[in-house]
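Trainee: Each position in the first sequence, counted from 1, maps to that position plus 28 in the working numbering.
Worth double-checking, as some hints may not be accurate.
[Said to hold, decoys possible] Here are the simulated distance ranges between beta carbons: (1) Phe261 x Thr33: 40 to 46 Å; (2) His325 x Asp182: 28 to 34 Å; (3) Gly298 x Gln81: 56 to 62 Å; (4) His325 x Leu297: 17 to 23 Å; (5) Gln81 x His286: 25 to 31 Å; (6) Pro83 x Arg43: 37 to 43 Å.
It should be emphasised that the hints constitute simulated quantities derived from the structure, not laboratory data. Even glycine gets a Cβ: it sits at the ideal position worked out from N, Cα and C.
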Amino acid sequence: MIATTLIQWFSAAGRVLPWRQTRDPYRILVSEVMLQQTQVERVVPKYHAFLAQFPDIDTLADAPTSAIITAWQGLGYNRRALYLQKTAQTVRDQYAGVFPRDVAVLRTLPGLGPYTAGAIACFAYEQDVAFMDVNIRRVAVRLWSDPQATIPADQALVTTLATHIPAGQGWAFNQAIMELGATICIAKTPQCPRCPVRAACADYAGRRAADEQLQPIPVRVLKKVAEKPAQPFIGSNRYFRGRIIDLLRVVPGNGGMHQSALHAAVVALGEPIEPAAFDSIVTKLASDGLVVRDGEHVQLPQ
DNA sequence: AAAACGGGGGT
DNA sequence: ACCCCAGTTTT
Ligand code: SF4
29 MIATTLIQWF SAAGRVLPWR QTRDPYRILV SEVMLQQTQV ERVVPKYHAF
79 LAQFPDIDTL ADAPTSAIIT AWQGLGYNRR ALYLQKTAQT VRDQYAGVFP
129 RDVAVLRTLP GLGPYTAGAI ACFAYEQDVA FMDVNIRRVA VRLWSDPQAT
179 IPADQALVTT LATHIPAGQG WAFNQAIMEL GATICIAKTP QCPRCPVRAA
229 CADYAGRRAA DEQLQPIPVR VLKKVAEKPA QPFIGSNRYF RGRIIDLLRV
279 VPGNGGMHQS ALHAAVVALG EPIEPAAFDS IVTKLASDGL VVRDGEHVQL
329 PQ
């Protein structure tokens, strides 16, 4: 049975990560939101620092938003920091401080999509639910879909995953399959000879069969998640957004800056931008809730 | 369905 | 300079 083999392999070879040592839903929430589009190695130190500063969900709900945005430095996708606090406030205000455990309810919380809602239900409450991130999806495609056919839709893959979860072992199964995708069944060069479930893998079997016919075919590589922008990062919209938030983070007491001074400080970093274009970026940041504007004064939200 | 959203580290 | 990487929201 594939699942049992995976779980045994994970038990012996899985990495020890801080969020694998707890079932506290708040800590799982923080870890899962941080891990969205962000590598494990980068999250680990931020996770510890964040929990030291915001040790429980009420502390996070009550904290100045500027402090949370500042604590988010280095993680990127700063709106996640806003969603995290909104989720904390929603749990406090709408759920009487009791963290929801139902996937459908979790899915309604800000910043929690299908992956994160399932991950919290599973990793905090040990529910036998199926969900996919990019690693689980890649392993599911290679293990259980016909290499000659088109890749199944996500809903079909989740259904297949659900059938493989051994009753009562959802936590271990999902950790194991995610770990396999992160460490062995990697995107371009899977380490199949080291894979614990290679004997049951459709993709590996297909490649070996092709080898015997002297017609080697490449490992199934999934389509890239997103195209890279043709424009270089320096001078991009994202670049300026990042520089603006970085500058506002280090103003003592979140005192903010006059927009003209902020513009000058950004330009001083080396990349020119017209005041009108700069203003539209600040406007977008304000509509995102990442900055607050009062006349010409700009600061992080208190 | 497509675009927007960050940044660090490796090559 | 270019590549990769534990998704979600907005348009
Ligand atoms: S045998 Fe290879 S392709 Fe199949 S699951 Fe294992 S690492 Fe992935």
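Trainee: Failing hints, ascending?
Mentor: The structure conflicts with hints 2, 3 and 6, although it agrees with all the remaining ones.
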